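2 protein chains.
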Amino acid sequence: MHNITVALDAMGGDFGPSVTVPAAVQALSLFPELKVVLVGDEPSINTQLNQLGYQRSARLEVRHSDRVISNSEKPSFALRNSHDTSMRIAIDLVESENADACVSSGNTGALMALSRFRLKLLPGIDRPALVTALPTVSGNKTWMLDLGANASVDADSLFQFAVMGSALAEQHLGRKPKVAILNIGAEEIKGNDLVKRCAEMLTQTRSINYIGFVEGNELLHDAADVVVCDGFVGNTALKACEGTAQLILDKLKAKLTASTWKGWIARILFSDLITEVKSLNPDQYNGASLLGLRGIVIKSHGSADISALVHAIGEAVHEVKRQVPNHISDRLEAVLLERQY
Amino acid sequence: MHNITVALDAMGGDFGPSVTVPAAVQALSLFPELKVVLVGDEPSINTQLNQLGYQRSARLEVRHSDRVISNSEKPSFALRNSHDTSMRIAIDLVESENADACVSSGNTGALMALSRFRLKLLPGIDRPALVTALPTVSGNKTWMLDLGANASVDADSLFQFAVMGSALAEQHLGRKPKVAILNIGAEEIKGNDLVKRCAEMLTQTRSINYIGFVEGNELLHDAADVVVCDGFVGNTALKACEGTAQLILDKLKAKLTASTWKGWIARILFSDLITEVKSLNPDQYNGASLLGLRGIVIKSHGSADISALVHAIGEAVHEVKRQVPNHISDRLEAVLLERQY
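For the record, the sequence lines run as chains X and D.
For the first sequence, position 232 (counting from the first letter as 1) is numbered 232 according to the numbering used here, and the numbering increases by one without interruption.
The numbering used here runs 1000 ahead of the 1-based position in the second sequence.
Next up, chain X with everything else stripped away, as it sits in the complex (with noise of 0.2 Å):
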């Protein structure tokens, strides 16, 4: 079994040392080929530690950092002031190869930022993207990306999109995934002239599954393993799943800790229906995958919990294993000689 190193920005998120190493334990115990590098205030994290009564081992290292980046920092600021920072170093360490991946719950512009100016693009990349599993109904995934990353983007780098889900999905999956194009649903407006000419691209390449358009109401519908759209959209569409699934589980619950005898029994009996409205509630699942570097950066939640912290810190696991990145390299090489020729 070969080691796995993640670098967590120990600094990251709204609760810094005291979410990210009870987090980091507890993925230690969880994952038996991982070491962690935790990076930031080293006496924070060793009182944490100590708290936790943990036992030091060689699978948990500490790597001092004087400096964080703060969540209302401007990326371009981040970047010419990234020196000595938790989040700098955490890349830093992937960039030279003394870890396989790094999590952070930190600053999204910044963590994009930095990723990109110290690990840089893959080959035929032009942007980076997020990317985050969204649950099915059926139980299945379907990878939707961008989510952020980009509040604009162009027919290129949409379809290059398209060949980084379809890699990544393609490893979770074990076969040709279906990739489709996130678009308004009316026959007579069929989108706008960047969902157009990306399907005519997608529609060019046989190596990608291309299946068409699907709509804002099937994304948790099962209706493709890959879903492409600009950061805007993409981010737009899946808060709006979050927010409506938020309110319904707020009802539900509201339901069931009514302290009447109906409330009772509820409790008695369909405390599973939580479990099954939560499962369907893309907001549970922590950890968007940056992808289109030449490095492995996963980024958490700002208000990401213990657990959901080590739902992040088991993405990076999972995508080091598979090797996303070398993956998507193969994909795009493919892709770009199917269409020269």
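I should point out that these hints are in silico values taken from the structure, not numbers from a laboratory.
One thing to keep in mind: the hints can contain errors.
Restraint-style ranges between C-beta atoms, simulated for each label pair [said to hold, decoys possible]: (1) X:Thr203 x D:Asn1003: 51 to 57 Å; (2) X:His83 x D:Ser1279: 49 to 55 Å; (3) X:Thr275 x D:Ser1018: 40 to 46 Å; (4) X:Thr203 x D:Asp1330: 44 to 50 Å.
Derived lysine to any residue pairs resembling SDA-like cross-links, with alpha carbons at most 20 Å apart [unchecked claim]: (5) X:Lys251 x D:Leu1079; (6) X:Lys255 x D:Ile1274; (7) X:Lys251 x D:Ser1279; (8) X:Lys251 x D:Thr1275; (9) D:Lys1251 x X:Glu276; (10) X:Lys255 x D:Gly1263; (11) D:Lys1251 x X:Lys35; (12) D:Lys1120 x D:Leu1079; (13) D:Lys1176 x D:Leu1336; (14) X:Lys35 x X:Ala58; (15) X:Lys251 x D:Lys1176; (16) X:Lys278 x D:Glu1073; (17) X:Lys255 x D:Ser1279; (18) X:Lys253 x D:Lys1253; (19) X:Lys251 x D:Ile1265; (20) D:Lys1253 x X:Gly139; (21) X:Lys255 x D:Lys1262; (22) X:Lys262 x D:Leu1256; (23) X:Lys253 x D:Thr1136.
The structure displayed is predicted, hence computed values, not measured ones.
Using N, Cα and C, we set each Cβ at its ideal position, and we do this for glycine too.
Take the given structure of chain X and dock chain D to it, following the hints.
What follows is chain D alone, placed relative to chain X:
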């Protein structure tokens, strides 16, 4: 009491006269001031009226048309070949002031193109926009536009949507509505140029109560009274909300229809939950207005059933009562004046 005449495209939608005729008859009994002109194939309409045992009255008029615009027709083709179609005649009745509003469940693109061509845009408006009122968790409404009339827009149009949405919401609420722009969340990527420029314009416009950006997860959460976005984003976000709500509703319904003792208890405990969740699904509220025209046009879902179409006819009645186009004109004039000085 003034009469309100609604021209109903009797041939539009997936079910034609079998839905439109009963909906017209129901609407007449609901709205005492209403007069309906059913436009379509007279024999088919009469068959339906006879089946319903409808007692003819001056409140229901049938206007024969020979042709129908099919759902698969492109707007440009429909525009050139609209002569004698039910949709065209219904719109023309508004244009000639023989009707106060038009309602159609037919081809969306054709309805928009024909309405724009026949009724013309209000002065100061570059593009019409589809708007609907989303339900919110507190039982209020949030008007969202554009929902797909335009696959892409510029900042001027988005600004005009904000003015139109604000005028419409003000007529409902009786106070100055809070207006927001839909944007992606991450602090560091505050959206694309479109939303940034529109935000700047709205910030400078004191007659609009602009409150800033909202995100996709806030749509059903009372974050604003009016939310503007381009038609691609709006259509996708709305459908994402609808798809998620429907999925969870289906899960709940499965529990409630189980013919086991648990199913029986679930029906006792959760039947009102279904109603509550349904009320949060934007799909339940049929009838989107096409704003920005010199007349009132309501687009109903193609799949609308009788009660959904009655809801859309009701929407037309309310807009006529509130003189929405006039109110939009007034607001636009005020805003243009303000922006000049």
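Right, here's what the structure says about each hint:
With their beta carbons about 53 Å apart, X:Thr203 and D:Asn1003 fall inside the hinted range of 51 to 57 Å. For X:His83 and D:Ser1279, the hinted distance range of 49 to 55 Å is satisfied, since their beta carbons lie about 54 Å from each other. The hinted window of 40 to 46 Å between X:Thr275 and D:Ser1018 holds, with their beta carbons roughly 42 Å apart. The hinted range of 44 to 50 Å is satisfied by X:Thr203 and D:Asp1330, whose Cβ atoms lie roughly 49 Å apart.
A C-alpha spacing of about 47 Å is found between X:Lys251 and D:Leu1079, which places the hinted pair above 20 Å, so the restraint is violated. Between X:Lys255 and D:Ile1274, the direct Cα distance comes to roughly 12 Å. Compliance with the 20 Å bound is thereby established for this hinted pair. Between X:Lys251 and D:Ser1279 the alpha-carbon distance is near 12 Å, which keeps this suggested pair within the 20 Å criterion. Our distance criterion of 20 Å between C-alpha atoms is met by X:Lys251 and D:Thr1275, whose separation comes to about 11 Å.
With a C-alpha separation of about 8 Å, the suggested pairing of D:Lys1251 with X:Glu276 holds against the 20 Å cut-off. With a C-alpha separation of about 16 Å, the suggested pair X:Lys255 and D:Gly1263 falls inside the 20 Å cut-off, and the hint holds. For the hint pairing D:Lys1251 with X:Lys35, the CA-to-CA distance comes to about 40 Å; that exceeds 20 Å, so the pair is violated. The hinted pair formed by D:Lys1120 and D:Leu1079 meets the criterion: a straight-line CA distance of about 14 Å does not exceed 20 Å.
Between D:Lys1176 and D:Leu1336, the direct Cα distance comes to roughly 18 Å. Compliance with the 20 Å bound is thereby established for this hinted pair. With a CA separation close to 8 Å, the supplied pair X:Lys35 and X:Ala58 stays within the 20 Å bound. At most 20 Å may separate the alpha-carbon atoms for a hinted pair to count; X:Lys251 and D:Lys1176 exceed this at roughly 30 Å. Restraint check: the Cα-Cα separation between X:Lys278 and D:Glu1073 comes to about 41 Å, which exceeds 20 Å; the hinted pair is violated.
Between X:Lys255 and D:Ser1279 the alpha-carbon distance is near 16 Å, which keeps this suggested pair within the 20 Å criterion. Between X:Lys253 and D:Lys1253, the direct Cα distance comes to roughly 17 Å. Compliance with the 20 Å bound is thereby established for this hinted pair. A C-alpha spacing of about 18 Å is found between X:Lys251 and D:Ile1265, which places the hinted pair at or below 20 Å, so the restraint holds. Restraint check: the Cα-Cα separation between D:Lys1253 and X:Gly139 comes to about 18 Å, which is no more than 20 Å; the hinted pair holds.
Between X:Lys255 and D:Lys1262 the CA atoms are separated by roughly 16 Å; this keeps the pair inside 20 Å, and the hint holds. Restraint check for X:Lys262 and D:Leu1256: the C-alpha separation of about 15 Å stays at or below 20 Å, so the hint holds. Restraint check for X:Lys253 and D:Thr1136: satisfied, since their Cα atoms lie roughly 18 Å apart, inside the 20 Å limit.
When each numbered hint is compared with the structure, violations occur for hints 5, 11, 15, 16.
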